[in-house]
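Asker: Sequence:
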Amino acid sequence: MIRAIVRVLALGAGLGVGPVLAADLPPAINQSYAVYSHGFRVLAISARYGVTPMGYAVRATMRSGGLMGLLFHMDITSQATGRFVADGVRPLTYDSAGFSRGADRHVVMAYENGRARIALQTPPETGRDPIPADDLAPAVDSLSALMRLQQAVRTRHACDGSAVVFDGARLLRMEARTVGTGQMPDDSRQPYRGAALRCDFSDVQIAGFRGSEGPDSPARRPILGSVWFQDVSGRGETAVRIVFDHPKLGRLTVLLRPGA
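Heads up: the sequence shown is residues -22 to -1, 1 to 238, going by mature numbering (1 follows the signal peptide of the UniProt record, and there is no 0).
For the record, the hints were derived by calculation from the structure and aren't laboratory data. In this text, all values refer to a predicted model and were calculated from it rather than measured experimentally. Every residue gets a Cβ at the ideal spot worked out from N, C-alpha and C, and that includes glycine. Any given hint could be a false lead.
Now the in silico label distances, taken between C-beta atoms and shown as ranges [stated by the list, open to error]:
hint	residue 1	residue 2	range
1	Gly160	Phe77	37 to 45 Å
2	Ser180	Arg106	19 to 27 Å
3	Thr30	Asp82	31 to 39 Å
4	Thr133	Gly160	20 to 28 Å
5	Gly17	Ala81	27 to 35 Å
Please take these sequences and the hints and turn them into a complete structure.
Answerer: This is the structure we're talking about:
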């Protein structure tokens, strides 16, 4: 579940300004999301971001709470910087650290001549099929993949595209397609209403499986969902509502909080 939420929720999240982009970025924008499962609030995401036509800097923190906080503890901060290029994004830095899956974890990705590699990973991801370096090389980090999607929405009012994504343990393929503008579903918890651009997405793991994750494992099933974008005052088109079906936990709903 965590890998899916991080990739989807980063659609406008975060700011960790690196030295390459710091001089170019406008003032940071803060926003936050609430995540619901079966009617209960289970996660909170705080976010800052800075974007220019040339590049981006992203930082997002995810913390468990409510019902989920009673089941397990999670507190993760991920940040990335990169540049927009003709065919998408070129990540420059990625760092993700915090408590997840019962341990303190830290992953740093390095990008050299457009090729990704793991620069630091503690603790090591044991018990998984190794990912060949050539398969990992074209991958981007999850935050950069979503910044690419957000940039497409803001510049073309469309979200069609795909990316290979590495989240520190698994290699995934993420695809999105434009559905069109229409009314968002009624939801009493939702502060944003009315017409919005809807994009549907899929997220499927393609490598980095555990030995126990056979052909029928939930890990091999695609995660399907939808995201709605509205022009939020002062921010541009922003993901205000996200819904997706998780193989184990069922339907999760993610809502942008007003004024955050």
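Asker: So, for every hint listed, does it hold in this structure?
Answerer: Checked hints:
no. : hint                        : result
1   : Gly160 - Phe77: 37 to 45 Å  : 40 Å, holds
2   : Ser180 - Arg106: 19 to 27 Å : 22 Å, holds
3   : Thr30 - Asp82: 31 to 39 Å   : 34 Å, holds
4   : Thr133 - Gly160: 20 to 28 Å : 21 Å, holds
5   : Gly17 - Ala81: 27 to 35 Å   : 30 Å, holds
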